[in-house]
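Just so you know, full-length UniProt numbering puts 60 at position 60 of the sequence shown, and the rest follows in order with no gaps.
There could be a bad hint or two in this list.
[To be verified] Keeping only pairs whose Cα atoms sit at most 25 Å apart, straight-line, the calculated BS3-like set for lysine-lysine is: (1) Lys93 to Lys78; (2) Lys57 to Lys26; (3) Lys78 to Lys57; (4) Lys89 to Lys78; (5) Lys78 to Lys92; (6) Lys78 to Lys102; (7) Lys91 to Lys78.
[What the hints assert, rightly or not] Each pair of labels, with its calculated beta carbon distance range: (8) Ile105 to Arg47: 34 to 40 Å; (9) Val70 to Pro107: 41 to 47 Å; (10) Leu98 to Glu45: 43 to 49 Å; (11) Arg47 to Glu77: 40 to 46 Å; (12) Gly35 to Met56: 29 to 35 Å.
Rather than coming from a laboratory, the hints here were simulated on the basis of the structure. For glycine and all other residues, C-beta sits at the position ideal for the given N, C-alpha and C.
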Amino acid sequence: MARRTQRPRTLRDLRAEVEAAEARAKEAAPRTGTGRPQPPKPEPEGRRTPLSQPRMKVVWAVCDIGGRPVATFPYAEKAAAEAHAAQLKAKKKAEFFLRSIKEPIEPSE
């Protein structure tokens with residue numbers, strides 16, 4: 001069996017090594033100006049506030065079979081919209097239906 005040639009390291013020895021390494025680091029720390037200067041970091045942009053959604057109104061749309069609006073009526077005039085759809089069905093021999101859609105409200109000036 002092999003014999004130990006060195007005594008085991010104690011905590012006191014390890015602590016002395018660490019303190020010596022810290023002292024060497026402090027001596028090397030005063031050196032400044034190594035390398036080129038760092039460019040300034042750009043300021044972060046703040047979050048943009050989302051644009052407010054325009055106010056919407058619901059209207060009745062008389063649509064053809066392809067879903068394209070043919071005429072629009074205010075929401076309170078559903079009976080007039082149904083009558084217009086029936087009139088177009090009889091006149092053009094095609095299918096028309098009602099659908100409620102939302103439109104932005106125009107600002108009054």
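Hint by hint, here is what the structure shows:
| no. | hint | verdict |
| --- | --- | --- |
| 1 | Lys93 to Lys78 | holds, 22 Å |
| 2 | Lys57 to Lys26 | violated, 72 Å |
| 3 | Lys78 to Lys57 | holds, 14 Å |
| 4 | Lys89 to Lys78 | holds, 17 Å |
| 5 | Lys78 to Lys92 | holds, 21 Å |
| 6 | Lys78 to Lys102 | holds, 15 Å |
| 7 | Lys91 to Lys78 | holds, 20 Å |
| 8 | Ile105 to Arg47: 34 to 40 Å | violated, 28 Å |
| 9 | Val70 to Pro107: 41 to 47 Å | violated, 27 Å |
| 10 | Leu98 to Glu45: 43 to 49 Å | holds, 47 Å |
| 11 | Arg47 to Glu77: 40 to 46 Å | holds, 43 Å |
| 12 | Gly35 to Met56: 29 to 35 Å | violated, 59 Å |
In the structure shown, a violation is registered for the earlier hints numbered 2, 8, 9, 12, in ascending order.
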